[in-house]
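Asker: What follows is the residue order along each chain.
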Amino acid sequence: MTDGLTTGVPTTGVPILRFEDVNRDFTTPGGWFARRRVLRAVNAVTLDVPAGRVTGVVGESGCGKSTLARLALGLIKPTDGRVSFEGEDLATARRARLRQLRARMQMVFQDPYSSIDPRMTIGDAVLEPFVVQGIRLTGAARAAKAEALLGMVGLDPSLARNHPHHLSGGQKQRVGIARALALEPRLVVLDEPTASLDVSIQAQIVALLEALKARLDLTYLFISHDLALVRYFCDRIVVMYLGAVVEILPSPAAPIRHPYTRALLDSAFVPDPTRRQTLARATGEIPSAFDLPPGCVYAPRCPLADETCRRIRPQLDRSAHPVACHHPLDRAGAGS
Amino acid sequence: MAIGTALLSAARTPRGAPAAIVLVGVVFAAIFADRLAPYAYDMQSLMQANLPPSAAHLLGTDEFGRDLFSRILHGARISLGVAVTSIGASVALGLVFGAIAGYAGGWADRLLMAVVDLTWAFPEILIALVLIAILGPGLGSTAVAITVGYMAQFARLARAQIIALKGETYIEATVGLGAGHAHILLRHLVPNALTPVLVAGMLATGDAIVLEATLGYFGLGAQPPLPSWGAMMSAGVGQMFLAPWVIVFPGLAIAITVVAINLYGDALIDALQIRNRLREG
Amino acid sequence: MALLEVEGLTIGIGRFTPVQEIGFSLDRGAVLGLVGESGSGKSLTAMALMGLLPLIRGEVRAGSIVFDGVELANRPAELHRRLRGRRIALVTQNPMTSLDPIRTVGTQIDEVSRLHGGLDGRAAKARSLDLMEAMRIPRAAVVHGQYPHQLSGGMKQRIVIAMALAGDPDLLVADEPTTALDVTVQAQIVRLMVDLVKARGLALVLITHDMGVVAQACDRVVVLYAGRIAEAGPVESIFAAPHHPYTRALIGCIPVEGQARGTLIGIPGQVPGLTDYPAHCRFAPRCPAASARCRAEAPAPATIGASRVACFHPLGRGA
Amino acid sequence: MLGYFVRRLIMLLPVFLAMSAIVFLIVHLVPGDPIDHMLQIGASAERRQELAAKFGLDRPLVVQYALWLKAALTGDLGEAIILKQPVVDLILANLPYSLALGLSALLFSTVVGVSVGAAAAYFAGSWFDRVVMAGILMGSMLPSFWLGLLMILIFAVELGLFPVSGARSWDALVLPVLTVGIGGVALIARVTRAAFVEVAQQDFVTLLHAKGLTRRRIFFRHLVRHALMPVVTILGLKVGWILGGAVTVEYVFARPGLGSLLITSLGQRDYPVVQGCLLMLGMGVMLGTLVGDLAQAAMDPRVRDRMS
Amino acid sequence: QEVTFAITAREVGTPSYNPITATRLNSANSLIYDRLVLQDADQSFHPSLAASWDQTPDGMQWTFKLRPGVKFHDGEPFNAKVIEWWVPKFAGTENADTVAKVDRVEVVDDLTVRFHMKAPDPNLLFNLASSFMGIPSPKAYEALGDKYGVTAAVGTGPFKMEKFTVGQQTVLVRNDDFTWGSDLSVNRGPAKIKKITVREIPEDSTAFLELQTGGVDLLYTVPVDFMPRLKAEKSVKVMTIPGTEIVYMPINTQSAPFTDIKVRAAAAYAIDQKSIWQSLYGGVGNTANGFLISSLQEAKVDPKFAISYDPERSKKLLDEAGWKVGPDGIRAKDGARLQVKLWTSNGTEFKRLVEVVQSQLKAVGFAADITIFDASTINAQYKKKTEHQLAVRSYSWTNADIIDWFFAARRAGYPNVSLFDDPKAEELNVTAMTKSRTWDERVANFKAYHEYILSQYAFAPIYEPANVFAYSTRRLKLPETIRGTRLTSQTILDAQVSN
Ligand SMILES: Nc1ncnc2c1ncn2[C@@H]1O[C@H](COP(=O)(O)OP(=O)(O)OP(=O)(O)O)[C@@H](O)[C@H]1O
Ligand SMILES: Nc1ncnc2c1ncn2[C@@H]1O[C@H](COP(=O)(O)OP(=O)(O)OP(=O)(O)O)[C@@H](O)[C@H]1O
Ligand SMILES: [Mg+2]
Ligand SMILES: [Mg+2]
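Protein chains in written order, with the working numbering: chain A, 1 to 336; chain B, 1001 to 1281; chain C, 2001 to 2319; chain D, 3001 to 3308; chain E, 4001 to 4499.
Treat the hints with care, since some could be wrong.
To be verified - Cut-off 25 Å, straight-line C-alpha distance, at most; resulting in silico cross-link-like pairs (PhoX-like, lysine-lysine):
| no. | chain 1 | residue 1 | chain 2 | residue 2 |
| --- | --- | --- | --- | --- |
| 1 | E | Lys4147 | E | Lys4163 |
| 2 | E | Lys4424 | E | Lys4333 |
| 3 | D | Lys3054 | E | Lys4324 |
| 4 | E | Lys4101 | E | Lys4071 |
| 5 | E | Lys4139 | D | Lys3054 |
| 6 | E | Lys4383 | D | Lys3054 |
| 7 | D | Lys3054 | E | Lys4147 |
| 8 | E | Lys4147 | E | Lys4065 |
| 9 | A | Lys77 | B | Lys1166 |
| 10 | E | Lys4341 | E | Lys4324 |
Keep in mind that the hints were calculated from the coordinates and are not lab data.
One chain only, chain A, in its complex shape (with noise of 0.2 Å):
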């Protein structure tokens, strides 16, 4: 656990949105059924969202990215620790003052499917946050503001009539878009916005995200599992593992000094037939949230493991690439 930001990483970017040394656990609910048992889906996070950046967070199925989505919305609340959004901390901001700071930062969802309400038309769901805000739009204005949104995403203003059945996954994604960009939000959260999209269409959603970026000014924390994906997009990495974040790459072209983030990397499937890899780097699967090994969380897998590592669970160190491991790639290169 690093002290925070003081001594934390430095960034080019003013700090937009910032965690410090957040947890969060969910009980799984007792009852009837079952004994309360507590998981940590994100575990001593400190870290920085400059503004204006891409901050790319990778992680595995269940690492906290979505809960760490969550918090850096005010949608859940810390177990400890301090989310704030331009200095203000969301745990503790009033009903009206937490609508207010909504409209400036938004959040592009999984799963585009279920992010419109099946019930409202594509016009009504681009236009809900006004309503949601207490902002009115006379009739016109209504048909202007939808039109314009939905120009402004690529989409057919025609659409705005349809009901969301009528559109495939890549349109849908696109109105959750301009839903979350009706406000003008300084900050977006994607949630693994192309995960469940095809291909073909991934890259047309990551190339609007990028013109919009450009366009209105944003500040992006992309969400992904995707580490290919994430070392295209992003400014910075973040990668997570069991709900602590393992490294921060500075760059997309930063060394790696993780052995975890090493094995993303070799995980993926490279698209060239001549190169073709030992695949298999890592080995085993993801230990449960529920009980988590007292050293690195990291250690059952990693083939660095030593006793150290199964004892002492390392901390994220202070260097300008943060990384937490007891024996990093580039040791006897980089000091820490």
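Go by the hints and put chains B, C, D and E with the ligands onto chain A.
Answerer: Just chains B, C, D and E with the ligands now, kept in the frame of chain A:
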């Protein structure tokens, strides 16, 4: 699929079509009973009691010489009316309870559901008999009894829907926009939970008609001379050896209507593709 | 003669014809990639190979499926059933739902060897344990007695593969076997399957939507678009020199290391739905090179080098 | 599992308390009181008073409830005011009849319902499926007082196969069981059919086919267990129906039973009996749900794991 | 030698066989208990446990000679001491009135008792013959206390109670020691039937079908609807004996518009007794035109007081009272519709009848709203005194003093459902109830009282049912004529079972 379109497309399926025709017919009879009935439903003529079906009396007459056909037409209005209003009230109450319990969760949920489960615990007929003992007999009490008897079912269903919907991304998305509880509940959750509950309500209407009939057997449903189908059947029990038509025709009316409701409801469930959502309750 | 020869395979469901005139062949010890976007007909093709189309009220409308010299298409269902599990086995996409949740995974594997190998309970279990170890399942004896929900996704998929292998099949059809898995696990499973093919002399039809997987695992590839073949050929030549504009675009959709930002474009437009398949070239609406002819008629596959390509304006012709 | 069972039992306690309070209140809300039934027409006010005092009906409701509950917890449900017997005895005397009818009807509905539902599912979409399901539905929709009399008319009067009414021999049980059971058959057949059709669409069934199993084997060896799970749930929920739901049938067939006892006593405002019966039913239902859940756990390892 | 009898809806659920405290007793009661005297259909009294009796001319002393050799089912002897114990037992019970005028009982010798009266009671023998006067064994009675009649019932009758399940059945076995049958039976005992199971069947149709199929051998009451079918049945014999019941419509004289005697009269004249008797009851029984059953002398009132259907008179009375016919046929006065409440209690017969009454009232311009209550609620409602207006109900009693029950001012609400309170009537009541010394005097007094009540239209008579019972001739053979006022032990004693 929108419920309106679904109603139509269910009516076009091989199972749904005949059922829909029957239901339209019954509703038509209920609305226009006054005009369609050849006689007043309470016009007695003791000298013409228990006549078998004939040209003058299409379905025969009952023990008071009243025209059965006219009574069955009016009976549609009463039986359907009681069933529909009480189930309507039951659905509304169930929605309120279920929505609150499902949305609030935690202790509010447990408490509300404990109450609901209490009524769930007892057979509807017993609930109805006990309630009518308290409220006194009559159509109003019958309606209240049916309302209470079936409420648990809808509350549970509504709650299950709400809980399932709470996990939908669009709800989180709307919260993310800054929406409050009222907006979430009234604009998104309840409207989306409505369809299965309404369909379950429609199916329960059939049961309610039968329950009203059974209460009539104990003398507790519609008060004479109002002709609910149930009241007609129960009065006909004494006549069943002498004038079987007195009990057979109202019985047929019930059976046909209820089967039609069920078949059409089934077609509707398929059209709306909500079969598994219905089971969640 | 190849182990599996598919020709002109056309699949119908009710009024629709989601798959039209697909053909390919496959030898023992080889991996054939069947790649395409969602809805392109990959799963239906797999179901046709398994003879399971009737389950979804589908049927083979035309074409042939010759397996080891035996024609299977439109033959009595019983014929196909006898081959299932014993000679042709299936691995499905979602390990989370592919196993019976209320029976131990062990018995589910045992069942196959009991049914097809005629083994008794004890022998079947021993064989299952062997297979599970071959799948690199740790503590196989314990896992044998566990229920699916007690296992991770990767573990379940290994069980499904072990189950597929239990009947000692010649042909394995794997329908997106790794899509639902974590990246790291995905890599392990694909590797495992390729190793098995080589080691046991199996033939594998590997269905995927990921050109990366194809590049890493397959010997030959069939690229489907909207129910038709766009291009088919050996993996090396397809990646080195794709002839169909779609194939090239598809490869281009995957960001590669060091790719500059803003260069990822994707394919404009969207895959047509089953109900609005055009009569002409189905890719034409999204194709940068589409001509009037492309919007008038459907191209038939033609041989270009080692590949077959269905396009009026193939790329790199003569290259 | 045992721990789960104990916890469930403990959780039943507050539910039991709430239920008993509601039961007590409801019973005392009913207008009229048992004294009316004991008094000859035109009795004096003093006499009323005296009787009220004798049965404790003159005390505040809360006190009455507390006394009743205290006794109830020791298994003493008091003495019937009109029927002059310990309520427990009355319940015990009627319970066997309710159980005999309820359990046989349950068995009948389950066996027939599951078979019919399974057959319909096996031939789903065929004319057999449609005719059988519609027929069952039709039968279940007839009010039971009529169905009961019809049964008597056909099987007892015309065919002379069974006694018309009463509960004096095993064969007197047949017609009531049929009458009660038909509704259950319809319910269970529909649940079973739907369950079969639904599991048949799950992924793992595709894989069973892919293993080369015959349709028959898949259906009867594999799907059955899945299809029975919702049936078990329904059965657990229907315990109240087993114990007290057959009032009409008891009435038509002149059979004893908890339902009839309850209704008769309600008519006579015999409070202790009504309270006792309702409490009994409520407890039956609570236990029924518990047993249903346990059965569910026995059938489904996922549920089992959630419980431990 | 074993038979099954069935009692139907009305008697179902009778909770006990304790004649002293019970308010309801079922037909099986008479098989367990004997009374001192029995009344025959012709109203004459016959010795039963009392071999003979005597009264002093002033009516102040009655001496009863008891039959020797009588034993209770538990072996206890029946003697004068039993009577001495028995009569005071009624004090404070709901049946106290039957012996209320007995001051004390004197044991003259082992088999002789003398009743010393507070006042003469011409009705004493009638009271002693009522079914509540079955004599229980003092030993068993005292031993069982509250539970007497439920767990056990011990009398001297021809049958012993073996088992009683409320609402279900009573099993009776023959009392082999019984030799003291009355002169109303040919067979003085023991009974020829060995065992009787008396079943309670709430659904009339079921009971009917049981009789038809031989499931039961005798039905104590047969619903009129089933009579034609039963009569057609070869193996079933239907018997009708004079009824003990009157069905009538009480009119709440204190509830507007029935405070107006013209409106009361109009309602009374609207009831068409004849068509009800004919079409609803198939001509079985009699029409009722007064309050008392026709076999009573007090029922033979001056024809001008008898109330029978007269629609014209009814309409005319309403016109006179200011109720004018409205467009829908319902009358109205000063803008108020002639809308009245018509109640009845649950029971097939009442439910049917009330509908006819409603329709007949409508014919003259009353709109009557029916409510059907369960039996216990309706009395509670009557007692509120303000809620009810018209009702359809019945009573079963074979003595004129019933007029006092239902019309004495002190019993307003219930049983005086008419809330009848009239000085002249009260005066006539006192005379009839307390001032009659002889039977004839009593008859005259009650007749006057009866006529006056009729003249005030406090009720409308409707119907006098007959007692109809039926039995299966396959198993049972009953005497041709039924002695006594009801089907009781004297007839069953003579009953024979074939095979
Ligand atoms: N509401 C919740 N209640 C209980 N547990 C939760 C809840 N939300 C998340 N979790 C658990 O927290 C852990 C992290 O979940 P999260 O959704 O953040 O992971 P993720 O990285 O987004 O995974 P994925 O790639 O599958 O989306 C998981 O183990 C998950 O089961
Ligand atoms: N049971 C069915 N009934 C009707 N249409 C179907 C059915 N199954 C598949 N289809 C249609 O057939 C087409 C091809 O489906 P298929 O499942 O083979 O696609 P796929 O390539 O496997 O796609 P995915 O990548 O989404 O799995 C799709 O348009 C689909 O909608
Ligand atoms: Mg996530
Ligand atoms: Mg697929």
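Asker: Against each hint, give a clear statement of whether it holds in the structure.
Answerer: So, going through the hints one by one against the coordinates:
The straight-line distance between the Cα atoms of E/Lys4147 and E/Lys4163 is roughly 14 Å, inside the 25 Å bound, and the hint therefore holds. Taking the CA atoms of E/Lys4424 and E/Lys4333, the gap is about 30 Å. The hint is violated against a cut of 25 Å. Straight-line distance between C-alpha atoms of D/Lys3054 and E/Lys4324 comes to about 54 Å, which puts the hinted pair past the 25 Å bound. Only pairs whose Cα atoms come within 25 Å are accepted, and E/Lys4101 paired with E/Lys4071 is rejected, the gap being roughly 28 Å.
Restraint check: the Cα-Cα separation between E/Lys4139 and D/Lys3054 comes to about 24 Å, which is no more than 25 Å; the hinted pair holds. A C-alpha spacing of about 22 Å is found between E/Lys4383 and D/Lys3054, which places the hinted pair at or below 25 Å, so the restraint holds. Restraint check for D/Lys3054 and E/Lys4147: the C-alpha separation of about 15 Å stays at or below 25 Å, so the hint holds. Restraint check for E/Lys4147 and E/Lys4065: the C-alpha separation of about 31 Å exceeds 25 Å, so the hint is violated.
At roughly 17 Å between alpha-carbon atoms, A/Lys77 and B/Lys1166 fall within 25 Å of each other, so this suggested pair holds. As the CA atoms of E/Lys4341 and E/Lys4324 are separated by approximately 19 Å, the hinted pair is consistent with the 25 Å bound.
The structure fails to meet hints 2, 3, 4, 8 from the earlier list, while all remaining hints are met.
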